[in-house]
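**Q** Protein chains in written order, with the numbering used here: chain A, 1 to 471; chain B, 472 to 942.
Please note: incorrect hints may appear among the correct ones.
As the list claims (entries may be wrong) - When the alpha-carbon atoms are kept at most 25 Å apart in a straight line, the in silico PhoX-like pairs for lysine-lysine are as follows:
1) K430/A <-> K368/A
2) K888/B <-> K901/B
3) K371/A <-> K329/A
4) K217/A <-> K688/B
5) K46/A <-> K888/B
6) K901/B <-> K67/A
It is worth saying that the hints were derived from the structure and are not from the lab.
Protein chains: 2
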Amino acid sequence: MLPNVINKIQNALLKNYKRNTSSYTINTILQNTKAGDKINLKGWIKSLRKQKENIFIDISDGSTSEKLQIIIAQNVAPKNISTGASISTSGVIQLSPKGQKELNAEEITIHGDCVVSDGYPFAPRKQYTPEYIRQHLHFRPRTNKFSSLLRIRSNAHISFHNYLTSQGYINVQTPILTSNDCEGAGEVFRVLPENQALVKSMAKEAQSLDEAFFDTKTFLTVSGQLHLEAAAHGLSKVYTLGPTFRAENSRSRLHLAEFYMLEAEIAFIDRIEDLMSPIEKLIKNVTKMVLDTNENDISVCRNDGTVNFAWLEKDFAVMTYAEAENVLKNHQEFENGFRTENGITKEHEFFLVKHCGNIPVFVINWPKDIKPFYMRECPNDTSMVAALDLLVPEVGEIVGGSLRENDLNKLKEKLPKDSNGLDWYMDLRKFGGVPTGGYGLGFERYLLFLTGISNIKDVIPFPRWPHNCNM
Amino acid sequence: MLPNVINKIQNALLKNYKRNTSSYTINTILQNTKAGDKINLKGWIKSLRKQKENIFIDISDGSTSEKLQIIIAQNVAPKNISTGASISTSGVIQLSPKGQKELNAEEITIHGDCVVSDGYPFAPRKQYTPEYIRQHLHFRPRTNKFSSLLRIRSNAHISFHNYLTSQGYINVQTPILTSNDCEGAGEVFRVLPENQALVKSMAKEAQSLDEAFFDTKTFLTVSGQLHLEAAAHGLSKVYTLGPTFRAENSRSRLHLAEFYMLEAEIAFIDRIEDLMSPIEKLIKNVTKMVLDTNENDISVCRNDGTVNFAWLEKDFAVMTYAEAENVLKNHQEFENGFRTENGITKEHEFFLVKHCGNIPVFVINWPKDIKPFYMRECPNDTSMVAALDLLVPEVGEIVGGSLRENDLNKLKEKLPKDSNGLDWYMDLRKFGGVPTGGYGLGFERYLLFLTGISNIKDVIPFPRWPHNCNM
Chain A
1 MLPNVINKIQ
11 NALLKNYKRN
21 TSSYTINTIL
31 QNTKAGDKIN
41 LKGWIKSLRK
51 QKENIFIDIS
61 DGSTSEKLQI
71 IIAQNVAPKN
81 ISTGASISTS
91 GVIQLSPKGQ
101 KELNAEEITI
111 HGDCVVSDGY
121 PFAPRKQYTP
131 EYIRQHLHFR
141 PRTNKFSSLL
151 RIRSNAHISF
161 HNYLTSQGYI
171 NVQTPILTSN
181 DCEGAGEVFR
191 VLPENQALVK
201 SMAKEAQSLD
211 EAFFDTKTFL
221 TVSGQLHLEA
231 AAHGLSKVYT
241 LGPTFRAENS
251 RSRLHLAEFY
261 MLEAEIAFID
271 RIEDLMSPIE
281 KLIKNVTKMV
291 LDTNENDISV
301 CRNDGTVNFA
311 WLEKDFAVMT
321 YAEAENVLKN
331 HQEFENGFRT
341 ENGITKEHEF
351 FLVKHCGNIP
361 VFVINWPKDI
371 KPFYMRECPN
381 DTSMVAALDL
391 LVPEVGEIVG
401 GSLRENDLNK
411 LKEKLPKDSN
421 GLDWYMDLRK
431 FGGVPTGGYG
441 LGFERYLLFL
451 TGISNIKDVI
461 PFPRWPHNCN
471 M
Chain B
472 MLPNVINKIQ
482 NALLKNYKRN
492 TSSYTINTIL
502 QNTKAGDKIN
512 LKGWIKSLRK
522 QKENIFIDIS
532 DGSTSEKLQI
542 IIAQNVAPKN
552 ISTGASISTS
562 GVIQLSPKGQ
572 KELNAEEITI
582 HGDCVVSDGY
592 PFAPRKQYTP
602 EYIRQHLHFR
612 PRTNKFSSLL
622 RIRSNAHISF
632 HNYLTSQGYI
642 NVQTPILTSN
652 DCEGAGEVFR
662 VLPENQALVK
672 SMAKEAQSLD
682 EAFFDTKTFL
692 TVSGQLHLEA
702 AAHGLSKVYT
712 LGPTFRAENS
722 RSRLHLAEFY
732 MLEAEIAFID
742 RIEDLMSPIE
752 KLIKNVTKMV
762 LDTNENDISV
772 CRNDGTVNFA
782 WLEKDFAVMT
792 YAEAENVLKN
802 HQEFENGFRT
812 ENGITKEHEF
822 FLVKHCGNIP
832 VFVINWPKDI
842 KPFYMRECPN
852 DTSMVAALDL
862 LVPEVGEIVG
872 GSLRENDLNK
882 LKEKLPKDSN
892 GLDWYMDLRK
902 FGGVPTGGYG
912 LGFERYLLFL
922 TGISNIKDVI
932 PFPRWPHNCN
942 M
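Just chain A, with the same shape it has in the complex (with noise of 0.2 Å):
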């Protein structure tokens, strides 16, 4: 396993601060008290049973999973006290009868209280579906699970950061805002000054408004690829990891108009082996780094309480494209068949995968005619492209990637006669030109992934699809 990298980043920092009892939190309280020690603590209450004499609370303030327990007297709690409210709470940590820590209070303070009847949409003791609490956006992140997701989430998206950097890529971001337009046509959303009265006055003459602002039709990213691939030409290793945005009317439970994407580039590299190599070796190391940490956030958004990573033990499958139409033309039992002039759809891609013992697969080397324009023809066959999809259990393509054609006079055969504007990407070959390759990992699909969640709506903080946008 690797070393728990964050606890050592927390453990190496706090040596520099004095400690103060003001910033406990449930995590530090688990890791780091004993009984006897004054703590107090923040939080929001879960639930809460009365007894006899006692009120038992069940704490939670977003550091872990865990609840702490907090055991005070009625006489000495306040009246109004209610699941859902946010407390003070101070007192001396024991052991319960099982051993496990708890809070004996002596005092709490009600900052604010949570009624119900008011309008809250959440009951105590009741479970809700992720449908239902979706719907409810700004709770989301008080709810157990999709707590836990966002704990995941977190330490996912730093592991990936950490990881890369490990490995020597620098971190460059690429824009949002971009003038290129050549990748998403048809499925990008435009970008536009909302003042219209600026819009006029930054107009030149004859310039349409449209293009007042930037000089240009603008767009939001629908992939940092092509201008990763101008940083790696000088900086070797490079990648991003930021929000890309597709304006199409899709209703799956794997598509959002607005997701995160990490997409790296690597110069010097001609061979597809030089690129399945990192990204198997990226997914792995960056599972057992969430996995170090959130085992115990896993395991909630897993309902059924199973956690197998047996895959990460075992070599990733590679097949070939044309393999991988074999297997599928010899399966009888899809619902429309298989032909190759409809490609591969998620039936296909789930079979793949079971076809190869429920690991994640390679599938490699494509028809050109189905790939974009910057594709690199492999070398044995030009009808065909060095790219690859790797497909996993549950999900299907989490990653897709290729070698870039470097030789400048077959780019410039293979560009759409409408790309304009890629004059630059013609002269990242002309001059000091290198053969490249690189990937784009969905970032929220590799969380349904790791977290078995099925929607990938309940992945991401503030989900963004056709006809819906809150907040």
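Dock chain B against chain A, hints included.
**A** What follows is chain B alone, placed relative to chain A:
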């Protein structure tokens, strides 16, 4: 000094993999090899000198600001070798007469030529202005100073994440697309699908096409604060570090249309000191973490070679807005004087910083009528709010923050009449409400402060500002 966090992680991770010689970078060569080691290396030629029998080549690969000198016999080197070309080479590490590592190369392979006369904008051994280099954005990551900046930016970014994570903050990515429009009135970008057929197919009866995709008008975020407040009501300490947008026609050296902001929100705090202290610790610790790894890169960016971080050892200054006003009124030299009703300008900010001894200075407790509705009144003067700006040398304001009004009735009074769709924000106070406070730090402005670079367009990979959205 803090530990070199990334190096620690790197060493921990590297133990998990066998090193192979093809993974050498100039950074790992300088750190981990000794004379006599056989290595190979890939990179770009930064300069070259031909002598009688040998060619001396400086090579860069982006892994560090340092270059590695390669020596190769004339009769072995490729004939067309030139500055800017990309190469692979192999040979043996030896020490120069001055004791520096260099590579005695056995062979060099050229991957891509770089012929200046074909239109490459940089000639060997010439210096160019930042404005000139900025016109060639796609080549900028290859230039010495900007590649140093990108390494600094990458490390500063991850250091913010690692520091805040170590302090118990959860990273909650706030949305880029938002239906809340109250904050950036008049300075927001609108977002619309480009595909008009799609929009028409999605529009409901009597619905404006502008609102068809999301069922609401949608904007690019100007701040994640309100969303972070929702997350803080459950997770206690949260932050986000991502792109933010302003549709302003500003051409100053300190403004961009797309920039990065670190925003944090802390629950259960009700004193401005509880906000100042974590901001000061954050900036000092992150700066130490970056200096620990990127001191050479910072020297490259600071042309004059002076790296003065004396402020790291001093307490930040604190003055109230009233005190700042008095200082400014008593100073007669301002171009347009100082008048309360015009507020504090950039010129005034610089003066206040100098007045405090050229160290960062917090200005706290601001007049309520010039600040947004959500700020909390000062307990002893209800005409003022518990807000802060942090001003730093050379840049002026880099942080703005405040305590938030958590009294539901006061907030209702102050809510702007035209703000729609903020019921959820009120709900946060109605159910389990807590006092919170938070701040936003301009990431690029912090980088200006750190590097001494004067124009914000030169500290972001792909700058967007009025009339400019290249690539």
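**Q** Tell me the hint numbers this structure goes against, listed in increasing order.
**A** 5
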